[in-house]
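> Next come the chains, spelled out residue by residue.
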Amino acid sequence: MEPRTLFQKVWDDHVVVQEPNRPAILYIDLHLIHEVTSPQAFTGLRERGIKVRRPDKTIATMDHSTPTDPRALMVIDDQAKVQLAMLESNCEEFGITCYPLGDSRNGIVHVIGPERGFTQPGKTIVCGDSHTSTHGAFGALAFGIGTSEVEHVLATQCLLQRKPKTLEVRIDGKLMPGVTAKDIILALCAKIGTGGATGHVIEYTGSAIERLDMDGRMTVCNMSIEAGARAGMIAPDETTFGYLVGREFAPKGADWDAAVERWKQLRTDEGASYDKTVTIDAHTLEPMITFGTNPGMGMQINESMPTADSFDDGSQKAAYEKAMRYMGLEPGRPLSGQKVDVVFIGSCTNSRISDLRMAAGVFSGRKVAEGVRTLIVPGSHDIKKQAEAEGLDRIFKEAGAEWREPGCSMCIAMNGDNLEPGQYAVSTSNRNFEGRQGKGGRTFLASPLTAAAAAITGQVTDPRSLLLS
Amino acid sequence: MAKFTTLTSHAVPLPADNVDTDQIIPARFLKVTDKHGLGDSLFCDWRYLKDGSPNPDFVLNEPASQGAQILIAGDNFGSGSSREHAPWALVGWGFRAIISTSFADIFKSNSLKNGLLPVEVSPEVHRQLMQAVNLDRTTKITIDLPTQSVTGLGSLEATFPIDEFSKHCLLEGIDQLGYLFSFDEQITNYEQQRT
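Line order of the protein sequences matches chains A and B.
In terms of the working numbering, the first sequence has 28 at position 28, counting the first letter as 1, and numbering is strictly consecutive.
In terms of the working numbering, the second sequence has 1096 at position 96, counting the first letter as 1, and numbering is strictly consecutive.
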């Protein structure tokens, strides 16, 4: 047999039908749904009078429009209330398991999938959310879909898909202290741009990736979409199996042993080729920060922002100048020392226990700078409980940060958590688009370490200056 | 889905690169539970001033843009979120086709399912179209799906790629879910083999 890539193996295993000059009919093992991108799909089913084909392969949670204020959980606007109630009634009508607001298993969709053990190597996983790429950290083929496709999967458990190309992102070497998984993916976005991986599935390989824990691998795969990729994947290994063993929906006993044997085959074969390869030397990476209005506009934290003249291409120059105007920043200057108003630590990119531990290491024994609002939003109730058992919440609260309820929070700003116009935020989320964190808000994307450092000093700060002292 | 064969219209030029779906339709409008009525919120944060009145400097508000069915956008249009609300909003405003040098994957897939044609042209053709439309906003462009061609500026004639299946579905107004259903037996066989 021809040597195959990890992607090719998972793809081949799920093709139900491949007719000439037609997209493949691809079987979906796990369909995650949430309140925002599913209502119109259920309406479609109802109008056609059809059922959900595999409610047993469908899981629902509420995360995007749920409030995270612990004092006012029930105070949400009427439209969000209707949307949340609709997800609950749709799930009841069609027999789908739902983890509603307030349920102890509720959390961000891309956090609870892995946490409960639904996410497993070799599965095809979809969700009406572009950050579904997160689940690729387990060697699954996982990608975001639109609402029409949500309806397709609900109705047939299949999708029409054209086979994407493959891009290997090889990252060898050791990360220096203070440099994290988030810095890897921000460096990749800066290197290849927001459209750099369009049409491709990325496979992350190399010793730096192998050394990452699952939380770090999820951070990397999560932002594959920010480089335009359809999905990001990492071959499963002992780290993956160690994370999954004993989880609620992971196989048990003899099934577990058989599954691990099967999962061990999910590696790119010697001699298999990718359509493209990009390499990054982990040793040369530094903490990263974005300065513009897409995740590709990033740099090492101690660098200066580009000058407008450094762009040869006219439309790139215009885009850069537009971004700088929106951000209220002067090209050519450093970002270090830039005053910040808000720090947000959370989102499907960086709200897991390792992220919170990293942040707590910086907050411990220190105070948040005066005038800085700091939100720390765990990705799920399980993570919240774990953090509280470790006393991390006390560290955050004693520092003067807000310890919130789980949810997407200020990453999507449709739930009551948002920036005010003109405010600057250092955020561990995934998008710095205009208005993403609130109309007129300005976002610098960075790691949990860099975000925590900004909270303490009130300005953009190299976190290594706080780690060493 | 609405059929798409040939479209002749004046166009709206929006030269910015990397226009993401948060600009096309900001997240705060995603609390709706149906597909309709999003046209009024299209490009909301660029289109309206703080007091809610139309921003006269935004191209969509110019009299010359009214009634246009073609948007000429910058490179990598539709990046970011998977929200199908983006094509719903564009179609809601009245667009039927978008011309760019490239599109984000999920946006392209969502557009094709809503009768909104993504037309990918070379940077040179894009430059000529943008220039001509900026010079004369009444310039008519014709997009012909059967021949996969863009014409209208004197001698300019460009072709654009589209996969055969999507083309077929647009030309016939075929709903992809109906097509998927025709493979019910194969799907059942696949499920049985795997258990």
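One should not assume that every hint holds.
With a straight-line cut-off of 25 Å between C-alpha atoms, the simulated DSS-like cross-links for lysine-lysine are [stated by the list, open to error]: (1) Lys1167(B) - Lys163(A); (2) Lys81(A) - Lys1140(B); (3) Lys1167(B) - Lys165(A); (4) Lys1035(B) - Lys1140(B); (5) Lys322(A) - Lys191(A).
Per the computed footprint, the stretches of chain B lying under chain A, defined by three or more beta-carbons under 8 Å from a beta-carbon of chain A, are [said to hold, decoys possible]: (6) 1058-1071; (7) 1145-1155.
Think of the hints as simulated: they come from the structure by calculation, not from any bench.
Here a beta-carbon is modelled for each residue, glycine too, at the ideal position from N, C-alpha and C.
> Now, for every hint given, state plainly whether the structure supports it.
These are the hints, each one checked on the structure:
As the CA atoms of lysine 1167(B) and lysine 163(A) are separated by approximately 17 Å, the hinted pair is consistent with the 25 Å bound. Simply put, lysine 81(A) and lysine 1140(B) have alpha-carbon atoms about 45 Å apart, too far for the 25 Å limit, and the pair is violated. Between lysine 1167(B) and lysine 165(A), the direct Cα distance comes to roughly 21 Å. Compliance with the 25 Å bound is thereby established for this hinted pair. Simply put, lysine 1035(B) and lysine 1140(B) have alpha-carbon atoms about 29 Å apart, too far for the 25 Å limit, and the pair is violated.
Restraint check for lysine 322(A) and lysine 191(A): the C-alpha separation of about 20 Å stays at or below 25 Å, so the hint holds. Only when three residues or more bring their CB closer than 8 Å to a CB of chain A does the claim for the stretch 1058-1071 of chain B stand; here the count is 0, and the claim is violated. Counting residues of the stretch 1145-1155 of chain B whose CB falls under 8 Å from any CB of chain A gives 0; the rule of at least 3 is not met.
Going down the numbered hints, you'll see the structure goes against 2, 4, 6 and 7, while the others check out.
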